[in-house]
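Asker: Following the hints, complete the assembly by docking chains B and C onto the known chain A.
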Amino acid sequence: MRSRLYPIFKYTVIALWACFVAGPFFWAMTTSFKNANAVQGGPTYVPWAQYEPTLTGWRNIFGGAGGVDVIDPFLNSAVVTIAASAISLALGSLAAYALSRYRFRLGFIKNSDIVFFFVSQRIMPPVVLVIPFFYLLQWGGLLDTIPGLVIVTVALLLPIAVWVMVDFFNGIPREIDEMAMLDGCPPFQTFVRAILPNSLPGLTVAAMFCAVFGWNDFFFAFRLTFTEVQTLPQAVVALNSSIPPWWTLSAAALFGVAPLILLALWVERLLSKGNLSGAVR
Amino acid sequence: MDGLRRHKSMFLLPGLLTLFLIIIFPLLFTIRVSFSGWNVSNPQMDFIGGANYTAMLHDSRFWASITRLILLAGGTVLIQYLIGFGVALLVWREVRGRRFWRVLFLVPMMTTPVVMAAIWQTIFHESLGPVNDLLGMLGLTRIPWLTESGPALVALMTVEVWQWTPFMFLLLLAGLLSLPKEPFMAAAIDGAGTWRTFWKVTFPLMAPVSVAAVVIRLIEASKLSDSVYVLTSGGPGSSTETPGYYLYIQGLRDQQTGYSGAMSLTYLVLMIVTLTVVAALLTRAFKLKGDS
Amino acid sequence: MRSRPYPGLVAVAAAAALTATACTAQNEAQHKPKEKAALFEPGSQISYEKYGKNYPATKVRDVPGTCSYESISRKDYSGQTLKIISHAVPVIGEPTQLHAKQFEEITGGNVDVVNVPFGELHQKILTPLQAGQPAYDVMFYPSLWIGDLAPHLAPVPEKYLNTTGMKDVTQAYMDVATWDGKVVQFPVDGDRHYLKVRADVLKDPKWQAQYKEATGKDLKVPTTWAEYQDMAEVLNGEDLDGDGKKNYGSAEITKRDDLTFSAFISRAAPYVKNPDVKGGVFFDVETMKPLINTPGFVRALEDMVKARSTWAPGGANFGLGDEIFSFGGGQTLLSYSWDDAFIQAQQPDSRIRNTVEAAPLPGSTEVYNRTTKSWDRKANQAAYFTWGWTSAVAKASSHQEMAFDYLCFFSNEANTALDLTIGRFGVNPYRTSHFDPGFWEKQGWDKDVAEAYVNTLSGMEENPNRVFDLRVPGVNQYMSALANGVAAALAGQESPQRALDAVAGEWAEITERIGEDKVRSAYRDVVALEDKS
Numbered sequence: 001m002r003s004r005l006y007p008i009f010k011y012t013v014i015a016l017w018a019c020f021v022a023g024p025f026f027w028a029m030t031t032s033f034k035n036a037n038a039v040q041g042g043p044t045y046v047p048w049a050q051y052e053p054t055l056t057g058w059r060n061i062f063g064g065a066g067g068v069d070v071i072d073p074f075l076n077s078a079v080v081t082i083a084a085s086a087i088s089l090a091l092g093s094l095a096a097y098a099l100s101r102y103r104f105r106l107g108f109i110k111n112s113d114i115v116f117f118f119v120s121q122r123i124m125p126p127v128v129l130v131i132p133f134f135y136l137l138q139w140g141g142l143l144d145t146i147p148g149l150v151i152v153t154v155a156l157l158l159p160i161a162v163w164v165m166v167d168f169f170n171g172i173p174r175e176i177d178e179m180a181m182l183d184g185c186p187p188f189q190t191f192v193r194a195i196l197p198n199s200l201p202g203l204t205v206a207a208m209f210c211a212v213f214g215w216n217d218f219f220f221a222f223r224l225t226f227t228e229v230q231t232l233p234q235a236v237v238a239l240n241s242s243i244p245p246w247w248t249l250s251a252a253a254l255f256g257v258a259p260l261i262l263l264a265l266w267v268e269r270l271l272s273k274g275n276l277s278g279a280v281r
Numbered sequence: 001m002d003g004l005r006r007h008k009s010m011f012l013l014p015g016l017l018t019l020f021l022i023i024i025f026p027l028l029f030t031i032r033v034s035f036s037g038w039n040v041s042n043p044q045m046d047f048i049g050g051a052n053y054t055a056m057l058h059d060s061r062f063w064a065s066i067t068r069l070i071l072l073a074g075g076t077v078l079i080q081y082l083i084g085f086g087v088a089l090l091v092w093r094e095v096r097g098r099r100f101w102r103v104l105f106l107v108p109m110m111t112t113p114v115v116m117a118a119i120w121q122t123i124f125h126e127s128l129g130p131v132n133d134l135l136g137m138l139g140l141t142r143i144p145w146l147t148e149s150g151p152a153l154v155a156l157m158t159v160e161v162w163q164w165t166p167f168m169f170l171l172l173l174a175g176l177l178s179l180p181k182e183p184f185m186a187a188a189i190d191g192a193g194t195w196r197t198f199w200k201v202t203f204p205l206m207a208p209v210s211v212a213a214v215v216i217r218l219i220e221a222s223k224l225s226d227s228v229y230v231l232t233s234g235g236p237g238s239s240t241e242t243p244g245y246y247l248y249i250q251g252l253r254d255q256q257t258g259y260s261g262a263m264s265l266t267y268l269v270l271m272i273v274t275l276t277v278v279a280a281l282l283t284r285a286f287k288l289k290g291d292s
Numbered sequence: 001m002r003s004r005p006y007p008g009l010v011a012v013a014a015a016a017a018l019t020a021t022a023c024t025a026q027n028e029a030q031h032k033p034k035e036k037a038a039l040f041e042p043g044s045q046i047s048y049e050k051y052g053k054n055y056p057a058t059k060v061r062d063v064p065g066t067c068s069y070e071s072i073s074r075k076d077y078s079g080q081t082l083k084i085i086s087h088a089v090p091v092i093g094e095p096t097q098l099h100a101k102q103f104e105e106i107t108g109g110n111v112d113v114v115n116v117p118f119g120e121l122h123q124k125i126l127t128p129l130q131a132g133q134p135a136y137d138v139m140f141y142p143s144l145w146i147g148d149l150a151p152h153l154a155p156v157p158e159k160y161l162n163t164t165g166m167k168d169v170t171q172a173y174m175d176v177a178t179w180d181g182k183v184v185q186f187p188v189d190g191d192r193h194y195l196k197v198r199a200d201v202l203k204d205p206k207w208q209a210q211y212k213e214a215t216g217k218d219l220k221v222p223t224t225w226a227e228y229q230d231m232a233e234v235l236n237g238e239d240l241d242g243d244g245k246k247n248y249g250s251a252e253i254t255k256r257d258d259l260t261f262s263a264f265i266s267r268a269a270p271y272v273k274n275p276d277v278k279g280g281v282f283f284d285v286e287t288m289k290p291l292i293n294t295p296g297f298v299r300a301l302e303d304m305v306k307a308r309s310t311w312a313p314g315g316a317n318f319g320l321g322d323e324i325f326s327f328g329g330g331q332t333l334l335s336y337s338w339d340d341a342f343i344q345a346q347q348p349d350s351r352i353r354n355t356v357e358a359a360p361l362p363g364s365t366e367v368y369n370r371t372t373k374s375w376d377r378k379a380n381q382a383a384y385f386t387w388g389w390t391s392a393v394a395k396a397s398s399h400q401e402m403a404f405d406y407l408c409f410f411s412n413e414a415n416t417a418l419d420l421t422i423g424r425f426g427v428n429p430y431r432t433s434h435f436d437p438g439f440w441e442k443q444g445w446d447k448d449v450a451e452a453y454v455n456t457l458s459g460m461e462e463n464p465n466r467v468f469d470l471r472v473p474g475v476n477q478y479m480s481a482l483a484n485g486v487a488a489a490l491a492g493q494e495s496p497q498r499a500l501d502a503v504a505g506e507w508a509e510i511t512e513r514i515g516e517d518k519v520r521s522a523y524r525d526v527v528a529l530e531d532k533s
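Residue numbers (this note's numbering), protein chains in the order written: chain A, 1 to 281; chain B, 1 to 292; chain C, 1 to 533.
Isolated chain A, as found in the complex (with noise of 0.2 Å):
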């Protein structure tokens, strides 16, 4: 009885998420193929039958009159995130494998307050930070700079990835560091050579949080950059004037998620394998 039903359930279960997740994307596709006629004239989906698709708002997007050119902002936007993603793993992992291997203890600080210092710096208001970000990164002379963008990203990023990457290295018995010790390798040694080859799944989780949250940035990016510097999502966001182009948003918003979409693919692939087991505990 329970058998006949379960498969049911399940997959209906599994359908109405799915419509649920990919709706807006659908909603953002055929709205892309709109114009401002086509909008106003209410909702519709299929195109032909409803309304005449155009492709101004895929034009605009890419240096098309009366919009922006989103190729050199998703430069940026890579360079930077890579940047940042990287200097934030290895700072991270260093770090994390540190409180996860030995105990530090200052006065009343123990590893678990040193773990919640790191993850507290992302419950500052971001409206507060930027600010004194500005004068510093003025001071420095590093405003409107990719540098400047990825010293501020690491200060976001890093808490995450010593986050993930702490409970990871938990959860790598122990016996793996200790057989490498006794064959005569100094720490740093062996974590090189027998911590990180096993903590693949684990550094791939962390890069995706670092990616995603470094690719989607625009608070900080906006207030510290002027003109040298611009990241897709102000591109995009330059186009939300006071009449709104819901065409071209759509078609920045589907342009930008698609260099993730990859990531998410390689994340699925090492879940499939079984190779995440222990990336998070």
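Read the hints as simulated data drawn from the structure, not as lab findings. Careful: at least some of the hints might be erroneous.
Stated by the list, open to error - From the structure, some residues in chain A lie toward chain B, with a derived Cβ separation under 10 Å:
| hint | residue |
| --- | --- |
| 1 | Phe104 |
| 2 | Gly107 |
| 3 | Gly171 |
| 4 | Pro173 |
| 5 | Val205 |
| 6 | Arg223 |
| 7 | Leu249 |
| 8 | Gly256 |
Glycine included, C-beta positions come from ideal geometry on N, C-alpha and C.
Answerer: For chains B and C alone, coordinates are given in the frame of chain A:
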């Protein structure tokens, strides 16, 4: 022993110092500015004592927004957890098209929140958007999504659930996939049914992941402001205003840097206390569940 | 004991200050252009056609003068870069980009444009200015921010004030560009609120009869807010234009942190601007006591609350964009705000082209007199010169000549003539020569539509009873507080009186924070503009 100490510092310090150096100036700046009258026409570090803090105590919008946040963040994270866990359980084991579902369910998290909020605004648009249109086709009444406080809160929570359930889903799915096999075999030998196995084995084993995922989501959800800005700009009246959005209005739009500094610090302290308590409570709750 | 020094902070602040001074010192050395041969014959044909099919094929003649294609193309700006911040694309943002591209082509200089949504523009412009960071040379922004920005702006040099284009700018918009007797903003747009109606519905006997039956009055363009309400109410929810879809009464901007404050001031103008009472609408300029909770404003807010029933679905959360789609798309009968929705309705591919009409904002049958503390029974109407887009050059810029040349090129006669015809550009008439019905008829507008439009706009210039925006430092704080009060009343959280009492309380606090003298001296200039007429 000296060598060990040096090594452990060598591992920890680069990251810790980097973060500390990036964050210390903003923190000190905010503390100092919260005692100043820094505003749009007078951007200066003068000293006005605790005036900002006194004003904040009487700012009913600020406190109302914090109360509202408890509902919004708590509610959405709970829903995200339930759905994320449920869906993760469904695609955990044998299911047709598993890889497709898993990738699809991850994608919303990868969209840019400010941009997606603009798309959601078009979705909830009461006469030009699809939601009311579909409701109409089903013969249901149209809902004033963004113009009445109840539906507006539902709309906001929907956006949050859509965007961030994948985060929960990924963490929980990864957790499920890394569970050891033995306890499940033992349960099978005992003849435990699906339901019993879930409560006795899966759920307790998932407790650490669950607590971590819920806490990190609470931290992120507490900053809720992009979707508020785009969807309702805090309205109707001030019924969807969150602290993140109120701080944005006061701090950046009206540029009352001093006052927003005071509110931010208060908010920071409140959040740290709340989250510590919540984390402790959750840990205990999950443990009790596991022991019983 | 004031200002306890924090050594670290002081050091950083000092460093920042030093950087700032260093930058200011640099600016002494202004970059100048070299001469080169002109690329255009005097009076040659200008068209945007080659920039893409989004642009009309209209051709106009280059008008000779300092700012013409011909004169600007004589300048060689190669090796120099101009940095510009402007509004999001397309409104003002698109012409900024287009003219930047053209300017690069004809001067050899480099122009970088960044486009920013409305809500972020103020902070994005002001933060670097206050920090002494030379981020932008040219800024496009709403003209009501003049009080915050004026100290950082370079006055427009004599040479540009004497151009034919500038001389033709109407007095009202020259006034708007002036601060402390100096022209610091470069006019590129003229904006105002006016009434927009669906003339085809008003002329339809069916609706005339229905309206007559319901109210006993004739259906015509409303001249008071009470008539506006009657019409919106009676005709709300009917299929007015026979397209099978319901139409609604009124579309107005109601989304709290969008531009609700401007919509509310439009509704209040006839109740609060008494031609016989001088000395300020928002404050009593002598005492700086807020007048925002006086009976005139309260009446306007009561009207607005009543209007709720006439709004389209979602109408209580309409931003400017929604209003444009709603009226411009033919969903609503009446609307009032900037030109955008009207021009959108008049685009060549619009379904409701030439069925719309422009008219002055509705008035009232009585107006509050704050000296006698009573209502004066007389017909009243006030022109509200709502802020529009303007532009300015940063004092700290080291490319001031290039910056002013760019703005002067942006607004030369040929470019403006073309810009005016492209609705999404958001460039609206601001020169006397723009008030020519013939120009609009050439764009395909019907004669009546063009004449009513031009008369509405030029009539405002002649109206002696005017309201200007609150052009004082910290204007955003005042308007935020106002929008919050209006939103609370619209949402039914507070009564209009109580909501505005709260706003008045906040306004007093804001004034105290910013400095009463500072606000008063700025407000005196606004009052002078209103009272001199």
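Asker: If a hint holds in the structure, say so; if it does not, say that too.
Answerer: Status of each hint after checking the structure:
The interface hint given for phenylalanine 104 of chain A is met, as the beta carbon of that residue sits about 7 Å from the closest beta carbon of chain B, less than 10 Å. A hinted interface residue such as glycine 107 of chain A counts as satisfied when its beta carbon comes closer than 10 Å to some beta carbon of chain B; here the least separation is about 16 Å, so the hint is violated. Interface hint status for glycine 171 of chain A: upheld, as the beta-carbon distance to the closest one in chain B is roughly 7 Å, under 10 Å. Nearest Cβ of chain B to the Cβ of proline 173 of chain A: about 13 Å, over the 10 Å cut. The hint is violated.
A least Cβ separation of about 7 Å between valine 205 of chain A and chain B falls short of the 10 Å threshold, and the interface hint therefore holds. The interface hint given for arginine 223 of chain A holds, since its Cβ lies 8 Å from the closest Cβ of chain B, which is under the 10 Å cut-off. Below 10 Å, beta-carbon pairs count as interface contacts, and leucine 249 of chain A has one with chain B at about 5 Å; its hint therefore holds. Contact between glycine 256 of chain A and chain B, as hinted, is supported at the beta carbon level, the nearest pair being about 6 Å apart and thus within 10 Å.
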